[in-house]
Every structure is written in C-alpha cells, then in structure tokens.
Amino acid sequence: MSDSKYQTIYFKNKPKIIGFYSIVGPKEGKGSLKEYFDYIMKDDLFGEKTYEKAERKMVEQAVMGAVYNANITPKELQLFLSGDLLNQIVTSSFAARSFDVPYVGLFGACSTMAESLAVGASLVNAGYFNNVACSTASHFSTAERQFRYPLELGNQRPPTSQWTVTGAGCCILSNKGDGPVITSATFGKVTDFGINDVNNMGSVMAPGAASTLIAHFNDTNTTPDDYDLIVTGDLGKLGSEILIDLMEDHGFKMGVNYNDCGQIIYNGKQSVLMGGSGCGCSATVLNSYILKKIKNGEYKKVLFVATGALLSATSTQQGDTIPGIAHAVVIESQENFDNSKKNVKSKKRSKK
Amino acid sequence: MTEIERNERYNKYVEAKIAKTHAWPSLFNAFWIGGFICVLGQIFNDLLLIWFPTMATQSAWTFTLIFLIFLASFLTGLGVFDKIAVYAGAGTIVPITGFSNSIASPAMEFKNEGIVFGMCAKMFVIAGPVIVFGTVASMIVGLIYLFL
Amino acid sequence: MLPWYEYLIVFCVGGLICMIGQILIISTKITTARILVLFEMIGVFLAAIDIYEPISAFAKAGINVPIVGFGASLAKGAINAVKAQGLLGVFTGGMASVAGGLAAAIGFGFLFGSLFKAKTKKF
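Residue numbers (our numbering), protein chains in the order written: chain L, 188 to 539; chain S, 2 to 149; chain R, 712 to 834.
Keep in mind that the hints were calculated from the coordinates and are not lab data.
Idealized CB from N, CA, C, for every residue including glycine.
Treat the hints with care, since some could be wrong.
Keeping only pairs whose Cα atoms sit at most 30 Å apart, straight-line, the calculated DSS-like set for lysine-lysine is [to be verified]: (1) Lys740/R / Lys84/S; (2) Lys201/L / Lys363/L; (3) Lys487/L / Lys440/L; (4) Lys740/R / Lys424/L; (5) Lys21/S / Lys424/L; (6) Lys832/R / Lys240/L; (7) Lys217/L / Lys832/R; (8) Lys828/R / Lys229/L; (9) Lys740/R / Lys123/S; (10) Lys84/S / Lys424/L; (11) Lys229/L / Lys830/R; (12) Lys123/S / Lys832/R; (13) Lys236/L / Lys832/R; (14) Lys832/R / Lys84/S; (15) Lys487/L / Lys424/L; (16) Lys13/S / Lys740/R; (17) Lys236/L / Lys84/S; (18) Lys440/L / Lys199/L; (19) Lys217/L / Lys487/L; (20) Lys424/L / Lys229/L; (21) Lys828/R / Lys240/L; (22) Lys740/R / Lys18/S; (23) Lys424/L / Lys13/S; (24) Lys456/L / Lys217/L; (25) Lys84/S / Lys240/L; (26) Lys84/S / Lys830/R; (27) Lys217/L / Lys828/R; (28) Lys440/L / Lys21/S.
A few chain L residues that don't get close to chain S, going by computed Cβ distances all over 12 Å [to be verified]: (29) Tyr226; (30) Ile401; (31) Asp406; (32) Asn408; (33) Lys440; (34) Lys480.
Hey, can you work out the whole structure from these sequences and the hints?
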C-alpha cells in the first residue's frame, strides 16, 4: 500500500471475529431486531445512579459478554479498542479501568465501530496482538444532554432528527479460532458539504459515506452487486435516500442489498422520526443481526460502513458546518473467504 | 465547480429532499392546548377574585401565574410535561408554562453534577436569556420614559 | 365568573398566539429559548407603546398567560416606577413587577429539581 491514492487495505492473515456481544436499552429491545440482541436492559439506568455510569457499565458488560462468547478468558484479552460520543470518550476510558488490558481510545463519532474493527484487524493481521476487543457504546440520555436539551424540556423534535440508540456492542478479533473474517477495510476522508443543522445528521454523513463507498468500490474493483449486504451505520431514512442519489451521480446503483442500521433497528411504530443514530446503532446491529446472519450462512459478504458526524456542542454554537466521515470494513463468512481463495488459486492454475 | 458552489447546491438539494410534513395538525394542537392553558389561568383568576373579593387585580394575576408555574414544574417533575409538549409544541412553550418548564427541566437534569455547579448553575441555560433580555429591555423602556 | 363568551375570547386569543409560535417553529427551526425571548420582547414593545392595556382588557388571560404578558409587566413595571420614583425606577421597576413569577419559577424549579430525576424520553 505504498501508493497513497488508495484508501483500502487488505488483510491476508484472516483476522476473525471469534466472539461478539450486543446489549441494548428497553426501546431498542422493542424494535424489529429484538430477538437478535444478547441482552436487553429493563431500564435505561441499568441499576446505576447516572446515565453516564450506565453507559460505562454497558461497555463493560459488552466486552465481558464477547469474551465469554469467544470462549476465551479475560486474561487472554490483549488489547482493548473503544470509543464513544461523550467528551474525552469517558465511557470507553472509564470502562477500560475495569480490564487489566492495554487500551487505545478511538474517536470517530458514530463511525467508531468500523474504525475500531479496521484498526483492530490491522493489528491482528500484522501479528502484533491477538484477541483484540473492539467496542463502542452510546446512550440516548447522555447524548441528548451533551448535544441537545435536557430530557424533560418540552420541545418537539424536528422531523429530520434521529434517535440516539442506547446500546453497546463488542467484537473480539483473533487470528485463531473460527468466525466471520474481516478481509479489507477502507478508511474514509472527512467530508463537509456545508450542512450546519444539528438536527439533520443524515445529510451530514451521506457525502462521507458516499466518498468512502466510491473509494472502496474503485480500490477493490467491485460493484454494489458483489455484496450480499451493504449496510451504512446511522444515515437514517433521509440520509439513505441522499446516499442512493449521490452514488447514482457517480454511476453506482445501490440495489435491494443496501440497508441502513438506523432504519432497521426500530420498528415502524416507534416514533423515532428518521431512525436510529449514535455509535451504539451500528455497533448493536452489527454485533447481533449482521454477524449472526453471516454465521448462519445467510450472508456471505457484507460491506459494513459506519458513518459519523464529527461535531461538538461548541462548534455548532459557533456556527461551524458539520464534517462527516465513514469507514468501511468487509466482513465475509469463513467458508466464502476460503472458497474465494481457492477460486483465485484455481484461476491462477488455469492461467498457467 | 468550487466547494462553495457544491455546498450551496447540496444544501438546496437536501432542503428539497426533506419531506414536507403537514403543518395543520400541529398548528391545531398548539392552538387548542395553548388556548386551554389560558382559559385555565382565567378560571383560576376569576375563582380567586370570588374567594377573595378584596384582592387587587394585579395580585390576582400574579397568583394566577404562580399557579400555572407551579403546575408546569410539577408536571415536569413527574415527567408528564414533555409528553404533553411533544403533542402541543408551541401550545405549551409560549404560555408561562414553557418558561417554568425551561427552568425545572435543566434543574432535574443536571443535579447529578452537584447542587451548586450542576443544578443551580445550569438552571438558567434556557431561561437565562429570557431573564436577561427582559431585564435589559425593561431598563431601556424605563430610561426612555425617564427622559420623555 | 365571566360570561361564557369571555372565556371563548381568552381561548381564541391565547390559542392564536401559541399558533403563531408553532408557525415559527415549523418554518424557521427556532429553538425554545428564542421563542420565549421573542414573545417576551413583543410584550415589552406592546407595553412600551402603551397598547398592551386595551388588548389585555379585551383578551385577559389570553394575553396575560402567554410569556407576552410577562414581558408586558416588565415594561409596565418599569414605566410606573419611573413615573413614581424617577431614576431608581429604571432599575427596580421591571424586576419588581415580575418578582412573583420569577421567584416561583426558580423556587419550584429548585424544589422539583431536587425531588425528581430526569427520565429518558419514551416517544
């Protein structure tokens, strides 16, 4: 990868997701993916005094659950990669206190799940670490008070706004064991198309997602049809529609295999306006629905694009426009990856 | 195409893309709930004057406002106010109830950060401008009348 | 008690003021704080040019209960105090006239803020 033109890196040594875990709040637990989640909290506070502490506890539980599902002991964990939405990513760092593991904090706003997977897969692929935990979390009530208004304030949410998902997800990456394989990752560029409406995140992140997707398809010489599922993080209804339009402008047709985590996590009856958002949105959907479907063979090759809006409360008040970003990882089922390797080999043989 | 042109075009495109919601139901809700709160105030005011015939009109109005403010903060505390407000919109914001809610809600929200720097300091994040603007404007009006 | 049509007037005027607020929310994405300040300033202005009294006599709670009335009593208080006390009234008049409402909002806010905990929105 010496040519700086490319944004995509490939993992030859098969970093695998050997265990994963998702934990969600009560509202998400009533949504359309309810039977896929590992744990549904009965109440938003999760037995803690504040919502921030609850969010922390969610990360701890997600990591421990993933470690358990991966059939390893907590001592075998070698690195903890995590990020979240709160200032100074306190949720992740404070949760890391309870693990006796080196910790790297990441910030990519809602794109953190893909970012941590890409970084984690790189480290595992290079052989530096084994058993790397990649995690993110978000909580509706902590995000709301940090970025918007007090919870009890009587205001109407604008029709373009989204609902921050209460949830945490964690993947354990390793080059031993079995599980879905991360085969490549595309790091995204920061894009800013001049949107400054904090209640319209979908339109902020759609250009970021489009830029990453275009880079990915060009780098890997693939088209949207080559994937069983292309899933964006939290564009919501409006953002997905914009993404489809933007991709069409660049000659890529997003078909029925395209979906958005923000749109599938809630059911139509829940009043969430444009859909879900937040780190937890893509993290919980990936660590429940998508990975379970890859494991049972329903999906063979999934392009997971987590999208993020890189704003702070201060930048918005100063009238800055909001930059967006997206990172993509390709997750394949183990059989599919092995078969495609064989195919390449057989093609090479036939060429000879 | 420069970046500014691109951004302008994108902003226009997004603006057009946002599905226009029908405004009429929300206008109607704001109308009847806002009107209802005003009638509630009027009824309380009238009852007050019946029970205490000697009370000055101005004092009765102040009591009416205090009653509505109490009601709104109490409902905020119970977590009911925001449920009504999501339906009523400006119907609960524009009456004095909105002012009361905007003080009570951050007080509840930020008490985890402590009584002094949390609850008491953050109490005015939304209502602060109302008090500042009101005070300054009343001083300006006073000054004008002083020199008139 | 007032005759029924007086309540109808209160209902209609109060409702109309709130409806104007709702139109602003929908068309300009204006936030709660700005709405409150805007309507309060309208009240100050109406009282300053001395047309608030007749409107209030007609609409009663219809205009007194919306925050417009809060602004108007600030301005009225300042005007009356200036007339009675001169320069001192500039400083004391406005705040004195709304002291009841302000103290109630802060006091009840403190009370219920300490008693209750903010809950996650459910809708």
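Lys740/R and Lys424/L: Cα distance at most 30 Å?
20 Å, holds
Under the criterion that the straight-line Cα-Cα distance not exceed 30 Å, is the pair Lys84/S, Lys830/R satisfied?
Since the Cα atoms of Lys84/S and Lys830/R sit roughly 11 Å apart, the hinted pair holds (cutoff 30 Å).
Non-interface label on Lys440/L, tested against every C-beta of chain S at 12 Å:
19 Å, holds
Just to be careful, I want the Cα atoms of Lys123/S and Lys832/R compared with a cutoff of 30 Å; is the pair within it?
The hint holds at about 20 Å.
30 Å limit on alpha-carbon distance, applied to hinted pair Lys424/L and Lys13/S
18 Å, holds
Taking only the CA atoms, is the gap from Lys236/L to Lys84/S under or equal to 30 Å?
Within the cut-off at roughly 23 Å; holds.
Holds or violated: Lys740/R to Lys84/S, with C-alpha atoms at most 30 Å apart:
20 Å, holds
Beyond 12 Å from each Cβ of chain S, as asserted for Asn408/L
Given a closest Cβ separation of 27 Å, the condition holds.
Holds or violated: Lys440/L to Lys199/L, with C-alpha atoms at most 30 Å apart
Holds, at about 29 Å.
Would you mind confirming whether the straight-line C-alpha gap from Lys740/R to Lys123/S stays at or under 30 Å?
23 Å, holds
Holds or violated: Lys13/S to Lys740/R, with C-alpha atoms at most 30 Å apart
With a Cα-Cα distance of about 16 Å, the restraint between Lys13/S and Lys740/R holds, given a limit of 30 Å.
In terms of Cβ atoms, is chain S entirely out of 12 Å range of Asp406/L?
23 Å, holds
In this structure, every one of the numbered hints holds.
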